[in-house]
Amino acid sequence: MRDLTLDTPSGDGMRDLMHRLRRSGSASGALVMLAGLCVLFGLLAPNFLATSNLVNVALQSTILLLIALPMTLIIMTEGLDLSVGAVLTLANVVLATIAVKTGGVGLSLLSALAIGAVFGLLNGTLVARLGIPPFVATLGTLGVAQGMALVVTDGQSVVGIPESVQMLYSGALLGVPLPICIAVIAYLAFHVVLYHTRFGACVFALGGNREALSLAGVRMRWYLVAVYLISGLMAGLAALLLTARISAGHPTAALGIEFDAIAAVAVGGTSFERGKGWLLGTLIGVLAVGVLRNGLNLMGVSSAVQVAAIGFLVILALTIDALRERNV
Amino acid sequence: MKMKTMARVALAAAATCAALPCFANGERIAVFTKNQTNPFFQAVRLGAESAAKQMNARVTHYVPTKPDSIPEQMSQVEDVIIKKPDAIVFTPVDYKAMVPAVAKINGAKIPVVNVTDRSESGNFVAFVGASDYRLGLETARHLIKSLGGQGNLVAIEGVKGSLTSIDRMRGFNDAVKEAPGVKVLASQPGNYQRLQALQVMENLMQSHPKIDGVFAANDAMAGGVVEALDAANRKANVVGINGTKEAIDAIKAGKMLATGDYNGFMQGCLSTMSAVRSLRKQPVQKDIVFPATVIDKSNYQRWETPVESRTCPTWEEAVK
Amino acid sequence: MSAIMNQFRPQTGAAAAASGAGAWQALPDPVRSVVLRLLALALLCLVLSVASDAFLTSANILNVLRQAALLFLLASGLTLVILTAGLDLSVGANVAMSACLAATVMKATGSITLAVFVGLACGLAIGVANGILITLIRIPPFIATYGMLWILHGITYWFMRGETIHGFPAAFRALGSGHWLGVPIPVYLMVVFLVVGAVFAQRTRWGQEIYAVGANPEAARLSGVPVKSRLVLVYAVSGAMAGLASLIFLARLNSAEGDIGEAMTLPAIAAVLIGGTSLFGVVGSVFGTLVGALILTLVLNGMNLLAINANWQPVVTGVIVVMAVYLDNLTRKGDGR
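Chains as they are written, first to last, in numbering that gives the first Met the number 0: chain A, 0 to 327; chain B, 0 to 319; chain C, 0 to 336.
Worth flagging that the hints you see were computed from the coordinates, not collected in a lab.
Among the clues, some could well be false.
[Claimed, not checked] Within a straight-line C-alpha distance of at most 25 Å, the following computed PhoX-like cross-link-like pairs (lysine-lysine) qualify:
{"#": "1", "chain 1": "B", "residue 1": "K103", "chain 2": "B", "residue 2": "K285"}
{"#": "2", "chain 1": "B", "residue 1": "K244", "chain 2": "C", "residue 2": "K106"}
{"#": "3", "chain 1": "C", "residue 1": "K106", "chain 2": "B", "residue 2": "K251"}
{"#": "4", "chain 1": "B", "residue 1": "K280", "chain 2": "B", "residue 2": "K82"}
{"#": "5", "chain 1": "C", "residue 1": "K106", "chain 2": "B", "residue 2": "K254"}
{"#": "6", "chain 1": "B", "residue 1": "K244", "chain 2": "B", "residue 2": "K296"}
{"#": "7", "chain 1": "B", "residue 1": "K159", "chain 2": "A", "residue 2": "K100"}
{"#": "8", "chain 1": "B", "residue 1": "K209", "chain 2": "B", "residue 2": "K234"}
{"#": "9", "chain 1": "B", "residue 1": "K254", "chain 2": "B", "residue 2": "K144"}
[What the hints assert, rightly or not] Distance ranges between label pairs, derived from CB positions:
{"#": "10", "chain 1": "A", "residue 1": "N46", "chain 2": "B", "residue 2": "K52", "range": "20 to 30 Å"}
{"#": "11", "chain 1": "B", "residue 1": "A185", "chain 2": "C", "residue 2": "V46", "range": "14 to 24 Å"}
{"#": "12", "chain 1": "C", "residue 1": "V30", "chain 2": "A", "residue 2": "G130", "range": "15 to 25 Å"}
{"#": "13", "chain 1": "C", "residue 1": "V46", "chain 2": "A", "residue 2": "G130", "range": "22 to 32 Å"}
{"#": "14", "chain 1": "C", "residue 1": "R137", "chain 2": "A", "residue 2": "G41", "range": "24 to 34 Å"}
{"#": "15", "chain 1": "B", "residue 1": "V183", "chain 2": "C", "residue 2": "A173", "range": "31 to 41 Å"}
{"#": "16", "chain 1": "A", "residue 1": "T196", "chain 2": "C", "residue 2": "R137", "range": "30 to 40 Å"}
Just so you know, even glycine gets a beta-carbon here, dropped at the ideal spot from N, CA and C.
Could you put together the complete structure from these sequences and hints?
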């Protein structure tokens, strides 16, 4: 059940920990699913394996990945961030409004990041300093952000996004679409932070043991706040991509994306209860969801079946993981 | 040698096909609608299928798994472009925000017909829909007339920011301006949802003891209003828009006064027909706007057939 | 056995009383929590009756009670689930599917009894399925019920085909919109299930075992509690209550659509949280959930009556949930728990 030993990794110990986590096979369920889906759609769906389509799927997955990366960290600390979708949406409408008024990318991005930071700090404070369970705290901030998005726009779309912003989604760097570049950089950054810094070690330590927080020193608490802050900032960054993608700000644009992110993280093998985390697993989980939707669209499968398929994917991936856990 | 004759035959066939509508069969049409739960869009889909059957074409439906989701419809458009259907029939989930999606479709050179919600911009073969403004206007006029031009009204709006709601409310407000004896007590959004409209109506009934008429921007909300009135044992003249079977039944039973005809089935029919015709190089009307008809106790019989058993009229009949 | 069970029951604060603290401190934690909430409820009613003339009318109060009843029926089963430190995100989708299934049956056969049976059975079956996913296959409740949510929606959209089923017999509709002795029928159901739920949770052995499972599943198992079957039980109950709620919904709206009840999941969870049940289990009660449901409904009703822009509703709901839990934390910490 709950593991009561504190994981305090030091240099070598950390590598050891990593090895154990990777070999526990907890992420293999996701890999199996992704491979299986690719084979399935390669056979059944016309054009699935075409380069243009694979790039298409990667592009569509970037926004979710930007959200799922920090979510992995939060889940590893036995937390949740339910407010990400609403914060992303609020950042989206504010960014859009400012972009339309000023026409500049920099100011718009700053405003989105600021909103993300404010809500991230709010979440972190509620959880780490006031001891409110993450589910409750982020449920509260979800409501606040959602309401504010509606109030700011009164339900209307914000359009007229300048070219400079739109270019962020359609532009490319050395032939690689910009969003993919951003996603890759984000992934690498998270990898380095999680596996090679002290902060990352503390994230591992915070998970798998809720009591650790109450025993933890002040610094650990601040690290927990930081984890939620990062989640908020990434929501701001993702808002930039979202605004560029849909060339609009809309008060319901990204509501509910947090559940997709949580599902992707869980499918990827990061466990809710034991604080084990696998960043690569999250990437695989995000791609698996993207591949599923894309493949079903290419096959022209009815929407009702698509909806059920997504549920099946999640449950199947976790069943595979659970069965493997038993055999380990 | 065999290759040469084959090539010649192929060239000849291609030449004749260029002159005649040879690909008059099996055109693949991708039909986009907003969600799976609003019966209006189901009617559009059924209309599209009926038209396709008549014209020997094939229809595939694309509906977001999260209702009205902008990013998801965007993804579906991108996926469909890779499939390269012959034509697209498109209802944008948001008439402003989906403009880039339309631009992508235009960029891929796939002919596209706009149905129901008029997209703010984009290159379309045709637009098929109704004038929500006129529907709101006529239905509201009908309501006001039934009250003899005097009374207290309440309006339940649709989804804030949706074109249909904006235009219908504009029509309603203009009708109210024409009748100085009529007072609008409140106008609140019901999000086109039955339960929400029911609760809004219940709350409004608390604050306003005398409500003579209710204008609901769609039939689902009108249904909620009727239930709220019934439960509270109050009476008012209720109008909606959509012309659903439920509304017709309510009109027959005297629970609803009238509904504006917003014929999803016909919209599906004609938009799909336009798509197929344009592929076959047949003449197509650029702007098909249905006249605003109000259905009430006097004329409901025409709308009584359930949507599943209807068939599309021929093009000639319809365009009249 | 019951001696061991008593270890896991919420603390009686006997220690605090012994230390000579005031009468307030001597009250057991759960009682204090409920009293605080009742006070908040009373304060809310006071403020609203001053702010709006329409509030204290019998019609409005009955409306509020009817709306709260629906929320409570859904949230009561959820309370038991959360008491075991679990979660059921699929209740909204459960309501949708059960309602649509019941509606289909009623239209096809014309029999109210059969439809009611089908609705309840569907809800129950979904609950049991959730329970099995969580206990046998060991998928965390959040993800299991989330996956189930999608599957249920898919199935519902598939057999509803985007259409509505409307027009049910008056006898059935009375369930949702009818009155008896001037009080809406759903309110009677609310009272019945309040009593049943409270008695079950606090007074029966099964109820005590549920608290024990929430406190420490391992210890409970070692004490002989059949943890797995108790877990399946709570999810089954949550599902069955969703089935019941779906019937009331159906009766009230007089029609079934694919997305009926979808928006009820988060408010139901909010009601449980506002009512004082902790996500970590152990702490909480069905009565608390009732008060939570009333508070939530009253706030929304008040906002409607005062014509406050509906856009602010999610903000207010969010703030209340956080405050409720925060205040609980404060009052509990003071006990040295």
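Against the structure, the hints come out as follows:
Straight-line distance between C-alpha atoms of K103/B and K285/B comes to about 21 Å, which keeps the hinted pair within the 25 Å bound. Annotation: proposed proximity of K244/B to K106/C holds, straight-line Cα distance about 15 Å (limit 25 Å). With a C-alpha separation of about 19 Å, the suggested pairing of K106/C with K251/B holds against the 25 Å cut-off. Among the hinted pairs, K280/B with K82/B is consistent with the structure: their alpha-carbon atoms are about 22 Å apart, no more than 25 Å.
Proposed proximity of K106/C and K254/B is supported: the alpha carbons are some 21 Å apart, at most 25 Å. Distance hint between K244/B and K296/B is fulfilled; the C-alpha atoms sit about 14 Å from each other, no more than 25 Å. The straight-line distance between the Cα atoms of K159/B and K100/A is roughly 23 Å, inside the 25 Å bound, and the hint therefore holds. Distance check on the hinted pair: K209/B and K234/B sit about 10 Å apart at the alpha-carbon level, within 25 Å; holds.
At roughly 17 Å between alpha-carbon atoms, K254/B and K144/B fall within 25 Å of each other, so this suggested pair holds. For N46/A and K52/B, the Cβ-Cβ distance of about 26 Å falls inside the hinted range of 20 to 30 Å, so the restraint holds. Between A185/B and V46/C the Cβ separation comes to about 22 Å, which falls inside the hinted range of 14 to 24 Å. Here the CB-CB span from V30/C to G130/A is close to 22 Å, well matched to the stated 15 to 25 Å.
Distance hint check for V46/C and G130/A: the Cβ-Cβ separation is about 29 Å, which falls inside the suggested range of 22 to 32 Å. At about 32 Å, the CB distance of R137/C to G41/A agrees with the hint of 24 to 34 Å. Distance hint check for V183/B and A173/C: the Cβ-Cβ separation is about 33 Å, which falls inside the suggested range of 31 to 41 Å. The hinted window of 30 to 40 Å between T196/A and R137/C holds, with their beta carbons roughly 33 Å apart.
Checked against the numbered hints above, the structure violates none of them.
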